[in-house]
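These protein sequence lines are chains A and C, in that order.
Position 227 of the first sequence, counting from 1, maps to 227 under the working numbering, and the rest follow consecutively.
Position 61 of the second sequence, counting from 1, maps to 61 under the working numbering, and the rest follow consecutively.
Some hints could be false.
List time: in silico DSS-like cross-link candidates among lysine-lysine, alpha-carbon distance up to 27 Å [as the list claims (entries may be wrong)]:
id: 1; chain 1: C; residue 1: K106; chain 2: A; residue 2: K370
id: 2; chain 1: C; residue 1: K90; chain 2: A; residue 2: K370
id: 3; chain 1: A; residue 1: K370; chain 2: C; residue 2: K10
id: 4; chain 1: C; residue 1: K10; chain 2: A; residue 2: K308
id: 5; chain 1: C; residue 1: K10; chain 2: A; residue 2: K64
id: 6; chain 1: C; residue 1: K90; chain 2: C; residue 2: K106
id: 7; chain 1: C; residue 1: K106; chain 2: A; residue 2: K367
id: 8; chain 1: A; residue 1: K250; chain 2: A; residue 2: K107
id: 9; chain 1: C; residue 1: K106; chain 2: C; residue 2: K10
id: 10; chain 1: A; residue 1: K367; chain 2: C; residue 2: K90
id: 11; chain 1: C; residue 1: K10; chain 2: C; residue 2: K90
id: 12; chain 1: A; residue 1: K64; chain 2: A; residue 2: K370
id: 13; chain 1: A; residue 1: K64; chain 2: A; residue 2: K308
Anything over 10 Å on all C-beta distances counts as not near chain C; from chain A, calculated [as the list claims (entries may be wrong)]:
id: 14; residue: E73
id: 15; residue: I77
id: 16; residue: L247
id: 17; residue: Q248
id: 18; residue: I384
id: 19; residue: T386
id: 20; residue: L395
Residues from chain A that face chain C, not an exhaustive set, calculated with beta carbons under 7 Å [as the list claims (entries may be wrong)]:
id: 21; residue: A3
id: 22; residue: R72
id: 23; residue: F131
id: 24; residue: F134
id: 25; residue: S303
id: 26; residue: N307
id: 27; residue: K308
id: 28; residue: R310
id: 29; residue: A311
id: 30; residue: A314
id: 31; residue: C318
Just so you know, these hints were derived from the structure itself, not from any lab.
Nothing here was measured: the structure is a model prediction, and the numbers come from that model.
C-beta atoms are modelled at their ideal positions from N, C-alpha and C, and glycine is treated no differently.
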Amino acid sequence: MSALIDLLLGVVTSVGGFVEVGSISTSAQAGAEFGFQLLWAIAIAGLMLALLTEMSGRLAVMSKRTIAAAVRERFGIHFQAVPLGAELILDLLLLTAELGGAAIAVKLLTGVGFQWWVLPIALLVWMILWFSRFSIVEYGIGLLGLLTLSFVLAAWRLGPDAGDVGRSFVPSLPSHDRVRYAFLAISIVGATVSPYLLNFYSSGTIEEDVSQDELWTNSVTAYGGNLFGSLVSMGVLVTSAMVMGPLQIKVDSYEQASLMFVPTYGSWGVGLFALSLGIGCVGAALEISLNMGYVLSQVFGWSWSANKPRAANARFSCAFTVILIVASAIAVLGFDPLRLTMISVALTVVVMPLMVLPFLVLMNDTKFVKNQTNAVVGNATLAILTVLGALMAVLVIPLEILGG
Amino acid sequence: MQLIRDLLDKGVIDRHGREMGRVDRVVVEYGSGSPPRVVAIEIGPSALAERLDRSLGRWIMGLLHGLDMDEGQPLRVHVNQILAVTDRVKVDLAFGETPAASVEHKLRGLVTRIPGARR
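Just chain A, with the same shape it has in the complex:
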């Protein structure tokens, strides 16, 4: 019974890390500009993430290593230096965007400028990390993240045509702005398949000491959790399509995006949007900060664990603290969080092949995954992802310039 509750909790709380600035902004823009037409991109991105998440968990269970540690051991520092550098820069940008997103959420609630809220929010994130164990970070924020289901409820109450929604799961070309459409499709993938989610998940698997007998729970959590998370992104897109689309409002800021809740929730709408955005962003900021501490510790071989006193692993504790200080310093400078988000998701796509290719090798190396190597289907999917990732990486920058 307890295992079942843990499993359910694992699936349900995945929403906490899934819905954040990237997924909210790309889905809201996609809905406002192209109606339901990009729902297929969310479905594919969710499936890609589920697949990669399952593999990162399986790798951790079988090898007792996270992705960062396994890549260092299997490929050496010369190979790892490039994806490591890219991931650290990317995570820092994304963390800055999440802090900015959470600050905008408080601004929506209070009316006081968002830059005033960056440092208090960064302090809150740091305090949660400093005083809590891993399970509190994971489940606590995950349960609060259930508030983001308000997007799904809003979409439901707006009563979209089921046939139109269903047809949107088949990719089709739009009648206008094809470059922008392609850019948003790729951005949705970039916003969903964030590298930090994968290493964070494999680190969590080790923190929770998941055994080989529990491998099936890894699969259920990875697929169930990510598909559940995708449902919320789809809720954002549908709500935006039905509210912002007919009014021809493009989502150029989070303030504009908050209006999508008004027809459903009335005077509570903006507040509820702000709470959903704020909790999603704080949850993601917690995971990104912790993950950067994890990555640095695992690459350099320092001891790490969010389940031990912070003084026991001083380098790990200092790593996530310094990262948070740097990110909040950048956020205070006043970069537009929405713009920063769109840049980070585009860069995610650029580094995606570097992230997926090592997976293909690791998941077939019996030294790491023993008898749990990938089946033909898993390998074929990873190979396709690598090629698609490389193609998207080449396309995303020109598309960002032309259609971003």
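Following the hints, put chain C in place on chain A, whose structure we already have.
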């Protein structure tokens, strides 16, 4: 055993199982007329950085030295002190007694001043 596949970049633990770092460099001795042999492994950021770029290694070494951290010089573990090479490299040392722990110790001094760090 293959040096690059089985030794380089592997995690190193001390005799109590505490993580010490990774095998950042393998020291090989070339004797006249005899085959090359491994004499030691090295642990430390400067050794790692030097593998990537010699000047980066010198810069890291200088920085750590400037911060009064003994780890400016990598910790050299003689091959006789290696107890086992499995999925990790176990060495006959106690992490806390080696210079490799100097950064951890310095930072712990700072961290313990913050409330909640020992909980």
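Verification of the hints:
no. : hint             : in the structure
1   : K106/C to K370/A : violated (39 Å)
2   : K90/C to K370/A  : holds (22 Å)
3   : K370/A to K10/C  : holds (18 Å)
4   : K10/C to K308/A  : holds (23 Å)
5   : K10/C to K64/A   : holds (13 Å)
6   : K90/C to K106/C  : holds (24 Å)
7   : K106/C to K367/A : violated (36 Å)
8   : K250/A to K107/A : holds (21 Å)
9   : K106/C to K10/C  : holds (25 Å)
10  : K367/A to K90/C  : holds (18 Å)
11  : K10/C to K90/C   : holds (10 Å)
12  : K64/A to K370/A  : holds (11 Å)
13  : K64/A to K308/A  : holds (18 Å)
14  : E73              : violated (5 Å)
15  : I77              : violated (6 Å)
16  : L247             : holds (49 Å)
17  : Q248             : holds (51 Å)
18  : I384             : holds (29 Å)
19  : T386             : holds (23 Å)
20  : L395             : holds (31 Å)
21  : A3               : violated (28 Å)
22  : R72              : holds (5 Å)
23  : F131             : holds (5 Å)
24  : F134             : violated (14 Å)
25  : S303             : holds (4 Å)
26  : N307             : violated (12 Å)
27  : K308             : violated (10 Å)
28  : R310             : holds (5 Å)
29  : A311             : holds (4 Å)
30  : A314             : holds (4 Å)
31  : C318             : holds (5 Å)
This entry does not satisfy hints 1, 7, 14, 15, 21, 24, 26, 27, going by the numbered hints stated previously.
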